[in-house]
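Quick note, the sequences are listed as chains A and B, same order.
If you're matching positions, the first sequence starts at 0 in numbering that gives the first Met the number 0 and goes up one per residue.
If you're matching positions, the second sequence starts at 0 in numbering that gives the first Met the number 0 and goes up one per residue.
Treat the hints with care, since some could be wrong.
[Claimed, not checked] Calculated pairs, DSS-like style, for lysine-lysine (alpha carbon to alpha carbon, straight line, at most 25 Å): (1) A/Lys312 / A/Lys286; (2) A/Lys260 / A/Lys270; (3) A/Lys41 / A/Lys270; (4) B/Lys141 / A/Lys1; (5) A/Lys316 / A/Lys71; (6) B/Lys466 / A/Lys1.
[To be verified] Computed footprint of chain A on chain B; a stretch qualifies when at least three of its residues, placed anywhere within it, have a C-beta under 8 Å from a C-beta of chain A: (7) 3-11; (8) 117-123; (9) 179-189; (10) 486-494.
[Stated by the list, open to error] Here chain B is said to cover these stretches of chain A; the calculated rule only asks that three of the stretch's residues, wherever they fall, bring their Cβ under 8 Å from a Cβ of chain B: (11) 45-53; (12) 156-167; (13) 220-227; (14) 307-314.
Simulated from the structure, these hints should not be mistaken for laboratory data.
Don't be surprised by glycine CBs; every beta carbon is placed ideally from N, CA and C.
Here are the chains, one letter per residue:
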Amino acid sequence: MKIFFRAFFVFIFLLLTFQIITDSFLKPFPRFDLLNTYLEEKKQIIYLGDSVIFSGANNDTDHSSISEMTEKMNNGITIGDYSSPAYNPILYEGIMDYLSRQSYKPEAVILPVNLRSFSPLWKDNPMFQFEKEKFYFTSQIPLLYHFYKPLAVMRAINANTISWDSYYGIPVYYGEKQVGTMKDFDNEKKFASSTEARIREKYAVSYLFNLKQDDRSLLALERTLDIATHAGIKVYLYITPLDHEKGEDYFGKDFTTQIQKNAKLVCDMVKEKGFQCLDLSSRLPHKNFSTPDYPVEHLDQSGRTYVAEQVTKTFLKRR
Amino acid sequence: MLFNSYHFFIFFPVVVSAYFLLPNKYRTLWLLFASCLFYAAFIPAYLLILFFLIVVDYFSGKVIEETEGARRYRYLLASIIANGGVLFFFKYFNFFNENVATLARFLHWNYSIGFLSIALPIGLSFHTFQSLSYVIEVYRKKQKAERNFLSYALYVMFFPQLVAGPIERPQNLLHQFYERHFFEYERFTRGLQRMLFGFVKKMLIADNLAIYVNAVYSHHSLYSGMTLFVALIFFAIELYCDFSGYADIAIGSADAMGFRLMENFKFPYSATTITEFWRKWHISLSGWIRDYIFTPLAFQWRSFSKIGVIGALLCSFAFVGLWHGASWNYVFFGFLHGVILSVEFLTSRLRRSISLLIPSWASECFGRFYTFLFWCFSLAFFRAGTFGEAVSIIFRAFQGIINLIGSALLSIAERSIQPILPSLRVMEPLTTNRGHEYILFFSIILFLFILIEWIDRKWGLIQGISKLPIVVRWFIYLSLILGIMNFGVTEEIPFIYFQF
């Protein structure tokens with residue numbers, strides 16, 4: 000038995016060592032290093048956000064992202080762009096938690112909030128839960144993040160907080176009225192189709208829900224602000240512009256009314272926490288949006304410039 | 000408790016360590032306690048069902064042994080009814096009820112018995128059959144009735160094979176609970192090696208294929224014929240790796256403690272006929288069916304000559320289907336195999352003469368191809384939700400192959416690769432989430448499967464590896480564990496046979 004235990008402990012030691020090496024080699028979450036680089040470079044501001052920050056239109060002459068434009072407009076301020084497709088308030092909480100525990104903390108975090116990120120299409124989508132990212136950001140034991148996958152495989156941590164089955168069963172609302180479940184709106188056959196009826200449907204499921212105070216994304220946003228307050232990090236929060244004109248073409252003025260209602264709920268909470276909130280949700284016309292057949296809020300050059308200017312004027316010039 | 004969860008990785012070392020540290024007289028009690036804990040991790044209340052079956056069959060065994068004549072038979076029947084009753088209530092009542100209700104509607108009868116909403120106890124068909132085999136063997140005087148209640152309870156509940164077999168026979172397992180087991184380094188590590196290969200089969204191969212198969216089956220109408228064909232093949236490999244992986248873990252964990260469980264698989268995908276396949280696949284079940292259903296029926300109907308054998312085959316395999324689950328899909332799956340076995344039985348002489356005319360490698364290749372393909376297609380009835388779904392999947396997969404052959408011929412005629420490309424396109428379901436690398440990923444998974452099977456068949460996996468130098472051995476173990484840890488799936492995918 001003694002021989003076995005001796006061999007066993009050597010084997011376990013080797014296994015753990017090789018796991019760290021393998022994980023570093025496979026780099027399952029390379030963007031973790033990017034954030035650490037920003038902190039090492041002592042960037043003053045971290046710019047979070049989803050694909051809206053860097054996506055543009057084909058005919059743009061300047062392909063700079065909103066964060067790059069903002070940095071150019073504010074000479075002397077260093078900004079680290081930490082935006083990525085589908086990032087959302089639930090992940091922002093993890094990022095803020097990580098930032099709050101570092102010896103160097105950025106002066107501020109720019110937090111664009113996309114109203115669509117509160118829709119079930121995004122918030123409850125199994126592909127956009129970012130469990131791995133959350134684990135990396137929130138694990139406080141050194142090197143533990145190298146064991147994310149093994150722990151998830153062994154079900155010691157839940158890497159699938161939302162299953163596809165439960166996602167497809169989530170009810171979809173137009174305002175207060177249930178009009179179906181996610182299976183009716185987000186199946187693979189419909190995903191590829193871009194008929195007018197389908198685009199209308201996408202707009203409805205993306206924006207026409209009635210945001211509630213107990214929404215888990217909104218609660219996560221609230222906690223993000225609390226963490227920032229405790230850590231002494233400023234938060235510059237704005238609501239991403241969306242194509243309200245196109246929405247009105249399909250649903251009339253009710254569309255903008257619902258958007259503004261949801262935006263107000265977010266901003267009220269933000270103000271209650273002592274932060275400023277810039278609502279850009281219905282500020283830009285249809286021509287500034289680059290994808291006509293899908294509500295993704297991607298902006299053309301002038302749209303991105305407008306956002307960068309508003310961020311500069313509202314937050315950075317006053318800091 | 001799932002073998003592939005961290006609970007088991009805590010449970011197993013604790014149980015094994017305590018087993019070897021405890022004095023021999025407490026070991027049965029300890030294993031029984033551990034087995035209860037293992038089973039209670041699913042639904043604790045269902046321990047009562049097991050307890051009921053254990054008590055019934057323990058006392059049945061005793062009274063059967065003590066009596067003779069008609070009374071002896073009546074006790075056997077009582078035990079079969081008690082076991083079958085439990086199985087019927089939990090597994091088949093709703094199926095039966097649904098069919099009676101359909102019949103009643105058809106005949107305009109007033110029938111209003113409601114459905115039961117109860118979860119099927121995990122592995123019920125396995126331990127019921129194991130328990131029944133004890134009573135039948137005692138009745139046949141091939142096994143002495145067990146006097147020690149704890150030993151008998153452990154025979155039914157022994158945790159490695161409690162929920163998905165192998166369905167043991169009392170002659171093989173019961174006496175082992177009286178043997179004294181010492182810690183032997185070689186045997187212990189051999190058990191761990193077997194477990195490791197079981198985990199590789201389940202967590203690395205089967206679970207990754209399951210993600211693909213589940214996605215295709217749940218939205219099969221969205222996928223092309225070729226994708227469905229690939230899903231049919233993937234499911235056959237998934238099922239084998241899932242089930243034989245479980246058997247490896249069960250046999251390995253028992254071996255580590257000094258117990259020998261029977262083998263449940265013998266390279267079934269190398270079989271050249273369906274008859275041979277069933278001698279290599281789920282051996283403990285096919286042996287059970289052969290000994291307790293097929294042979295008695297064939298004997299009973301011996302006066303009908305070949306017709307009697309075919310009747311016994313069809314009945315036995317319909318039973319095999321029904322054993323798997325309460326649905327007509329499973330019955331049809333079993334019956335289909337019964338039909339093919341009957342055809343093989345009737346044409347055995349003809350096939351032998353044909354095989355003499357062609358080279359043996361060609362007949363072997365053809366046999367393997369036909370057996371594997373038939374198995375893959377028949378599994379559509381096993382996996383699909385409804386009969387209609389299974390037929391549609393088979394039909395469209397078949398269409399996919401016809402298209403492929405047609406476009407291949409066109410490619411040859413035109414001397415261009417272009418015509419065949421659209422037919423080769425296999426879609427990646429959204430949920431597999433592997434992006435452009437998914438073909439490479441699944442190719443590696445399939446290569447690993449073929450490699451493991453080939454080495455095991457050629458040299459014996461564990462024996463082969465044991466002969467290698469320690470550095471190479473450890474390199475293989477570390478690579479396999481790291482493979483599971485980094486390429487295993489994070490979704491919870493229970494062993495397929497748990498549901499039976």
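To see whether the hints hold, each was checked on the structure:
Proposed proximity of A/Lys312 and A/Lys286 is supported: the alpha carbons are some 23 Å apart, at most 25 Å. Distance check on the hinted pair: A/Lys260 and A/Lys270 sit about 15 Å apart at the alpha-carbon level, within 25 Å; holds. Our distance criterion of 25 Å between C-alpha atoms is broken by A/Lys41 and A/Lys270, whose separation comes to about 28 Å. Our distance criterion of 25 Å between C-alpha atoms is broken by B/Lys141 and A/Lys1, whose separation comes to about 42 Å.
With a C-alpha separation of about 13 Å, the suggested pair A/Lys316 and A/Lys71 falls inside the 25 Å cut-off, and the hint holds. Distance hint between B/Lys466 and A/Lys1 is fulfilled; the C-alpha atoms sit about 22 Å from each other, no more than 25 Å. For the segment 3-11 of chain B, the stated coverage by chain A is satisfied: 4 residues place a CB nearer than 8 Å to a CB of that chain, which reaches the threshold of 3. Evaluation of the coverage hint for the segment 117-123 of chain B: breached, as 0 residues show C-beta separations to chain A shorter than 8 Å, against a requirement of three.
Coverage of the segment 179-189 of chain B by chain A holds. Counting CB-CB distances below 8 Å, 4 residues qualify, and the rule asks for three or more. Only when three residues or more bring their CB closer than 8 Å to a CB of chain A does the claim for the segment 486-494 of chain B stand; here the count is 5, and the claim holds. Figure legend: the segment 45-53 of chain A, annotated as covered by chain B; annotation inconsistent (0 residues with Cβ-Cβ distances under 8 Å, at least 3 required). With 4 residues having a Cβ less than 8 Å from any Cβ of chain B, the segment 156-167 of chain A passes the three-residue criterion, so the hint holds.
A stretch counts as covered by a chain when three or more of its residues have a beta carbon under 8 Å from one of that chain; for the segment 220-227 of chain A and chain B the count is 0, and the coverage is violated. Against chain B, the segment 307-314 of chain A contributes 0 residues with a C-beta closer than 8 Å to a partner C-beta. That does not satisfy the three-residue criterion, and the hint is violated.
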